[in-house]
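*Asks:* In order, the protein sequences belong to chains A and B. Using the numbering used here, you'd call the opening residue of the first sequence number 816 and step up by one each time. Using the numbering used here, you'd call the opening residue of the second sequence number 816 and step up by one each time.
Keep in mind that the hints were calculated from the coordinates and are not lab data. Warning: the hint list may mix true and false statements.
No copy labels: a pair is met if it fits in one copy or bridges any two.
Subject to a maximum C-alpha distance of 30 angstroms in a straight line, what follows is the list of computed DSS-like cross-link-like pairs (lysine-lysine) [stated by the list, open to error]:
#1 K874 / K901
#2 K1010 / K874
#3 K997 / K1011
#4 K1053 / K874
#5 K1010 / K1053
#6 K997 / K1010
#7 K900 / K874
#8 K1010 / K852
#9 K1010 / K903
#10 K1096 / K852
#11 K856 / K1093
#12 K856 / K1083
#13 K944 / K1083
#14 K995 / K1011
#15 K1093 / K852
#16 K903 / K1062
#17 K997 / K944
All values reported here derive from a predicted model rather than from experimental measurement.
Number of protein chains: 2
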Amino acid sequence: MNEIKLFCPATIANVSCGFDVLGLCLESVGDEMTITKTAEKGIRITEIIGAELPLETEKNVAGVAALSLIEALQPDCGFEISITKKIKAGSGIGSSAASAAGAVFGINQLLGNPLTNTELVYYAMQGEKLASGSAHADNVAPALLGGFTLVRSYDPLDVIAIKAPNELYATVIHPQIELKTKDARSVLRENISLKKATIQCGNIAGLISGLYTNDYDLIGRSLHDELVEPVRSILIPKFAELKAAAKEAGALGGGISGSGPSVFALSKGRENAEATAKAMKAVLEPIGVPFEVHVSGINAEGMKILHV
Amino acid sequence: MNEIKLFCPATIANVSCGFDVLGLCLESVGDEMTITKTAEKGIRITEIIGAELPLETEKNVAGVAALSLIEALQPDCGFEISITKKIKAGSGIGSSAASAAGAVFGINQLLGNPLTNTELVYYAMQGEKLASGSAHADNVAPALLGGFTLVRSYDPLDVIAIKAPNELYATVIHPQIELKTKDARSVLRENISLKKATIQCGNIAGLISGLYTNDYDLIGRSLHDELVEPVRSILIPKFAELKAAAKEAGALGGGISGSGPSVFALSKGRENAEATAKAMKAVLEPIGVPFEVHVSGINAEGMKILHV
């Protein structure tokens, strides 16, 4: 196998009550990436279509992730990476993670899978470190493993894959304002009350329980974020109205996707997810902020090999 | 049915990573309680064997819980309660909760079960409020529902029952020093770092995931408490040594039971739990603090009716 073409899925990190530890993988939103083995060693980004991103390997998230992987594996060859970006940079649905995770997944495949997808999370995180200043795993883990993922611990890294209930759908609306992950992190408070932490623990535990028992109502009741949403939502136009409209339209609940500005909702069944999309659109249309809306199932497998 | 005799189980609250929201129910440690219907309305505590506790209804946790229940149900009769305490007060394994939960469970049974066990949690919490100044549910919920329980939310009250893996056993060592729940709460810091809250969220989510998937190793890896154990453990003699000895002896992990001073460990299989008990004893024996040790399975049903 000398060449592999991938679908690199978008992801929703945090999932409301799971700040920095939870993420989920989307089915129908993602980039494409082609990776080709070369005799010359090293990593070269040959082409990026659909976004203005640096081609220099050391400045590109896919490049940096790939470099960290080949440093570990020391293959006797190099790789060329061509990326067609469909996930908008800065949208909050894991654009950088899709590239970082895609690069390490594809290279690992071309080398005959010396590492498991769970082991690849660490290398993909190095790309995230370049993108946001923090080597977080809550987008790259679901992009690599599919479904929901829990980063139980960062030190040591311990990632748990959790299957999503079959009828769970996501709606994502992306108000196209610029909101850098670095800025969204800078508004966070360093300290929080023990009381709020306890509420957050109850909700994340409730969400995990709901995922294992297919209890959609419990999933909905657990989608509250005490820690981050209260401060970050100020940066997102019409956040409260979007969330309220989603629930009114039948969504189970929702919140900020990753560090925003995208807002997500989860619904039982595609019909509710579509109704939620319509209701969210109706909130943003009058204010003139351009936006994109996605309705997607939860992607159970993560990265998809389109052809080899 | 005019009289009921109950086994009122001891419980482990917090379970390390689940401060104020998680609890589990013990199989072989508990009080006995007899409740008798009377023509005279109201609640009377007729006898308490094995502990010096107030007989005045309004000063007794079972009495206060029972009063809150009959205020809601307005039955055309009253109840006499006789309690044989086997769980030591102030031990940290839910002594007050066993009494509060037993009283409401028994009265509800004698009235033909107008409420579900989940609905009874609220009334049992009123007894806890008397005991510790805080109407917490993390002992009364597992005492009423068995297995593990999650208090997803206090407002509104939302309690989720989670089945424990079959081979999970608890070891509890109770160093017999006095440590009031009120005092153990007063050492807590009001504010914590967002980073610690995030670590706690990862661990409680990991524990819940481990319970649903019978992943004993994951349960063990998740038994870390970032929020409370670092400050509370100072009040418990040889805490670090007890925890280390338990892990050395084969336990999955452990921590402070409730607000202490009891220390618990969870193990896979009774044999490991017994070895853990032996190792924990060996830590306390040389220092001359009297102690009690319990090894118990997880009680899947909660309150047990001994006879009616």
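*Asks:* Each hint should be assessed against the structure and marked as holding or not.
*Replies:* Verification of the hints:
1. K874 / K901: Intra 19 angstroms, inter 66 angstroms, cutoff 30 angstroms: intra-copy only.
2. K1010 / K874: between (41 angstroms within a copy, 28 angstroms between copies)
3. K997 / K1011: both (24 angstroms within a copy, 20 angstroms between copies)
4. K1053 / K874: For K1053 and K874, the Cα distance exceeds 30 angstroms both inside one copy (34 angstroms) and across copies (51 angstroms).
5. K1010 / K1053: Both: 28 angstroms inside a chain and 28 angstroms across chains, each within 30 angstroms.
6. K997 / K1010: Both. Shortest intra-copy (27 angstroms) and inter-copy (16 angstroms) distances satisfy the 30 angstroms Cα cut-off.
7. K900 / K874: Answer is within; shortest intra-copy Cα gap is 16 angstroms, inter-copy 68 angstroms.
8. K1010 / K852: neither (53 angstroms within a copy, 40 angstroms between copies)
9. K1010 / K903: between (37 angstroms within a copy, 29 angstroms between copies)
10. K1096 / K852: Classified as neither; 43 angstroms inside a copy, 61 angstroms across copies.
11. K856 / K1093: Classified as neither: same-chain Cα gap 49 angstroms, cross-chain 58 angstroms, threshold 30 angstroms.
12. K856 / K1083: Neither: 48 angstroms inside a chain and 49 angstroms across chains, both beyond 30 angstroms.
13. K944 / K1083: neither (34 angstroms within a copy, 38 angstroms between copies)
14. K995 / K1011: Both, since 26 angstroms and 24 angstroms are each at most 30 angstroms.
15. K1093 / K852: For K1093 and K852, the Cα distance exceeds 30 angstroms both inside one copy (44 angstroms) and across copies (59 angstroms).
16. K903 / K1062: within (26 angstroms within a copy, 48 angstroms between copies)
17. K997 / K944: Classified as within; 11 angstroms inside a copy, 44 angstroms across copies.
This entry does not satisfy hints 4, 8, 10, 11, 12, 13, 15, going by the numbered hints stated previously.
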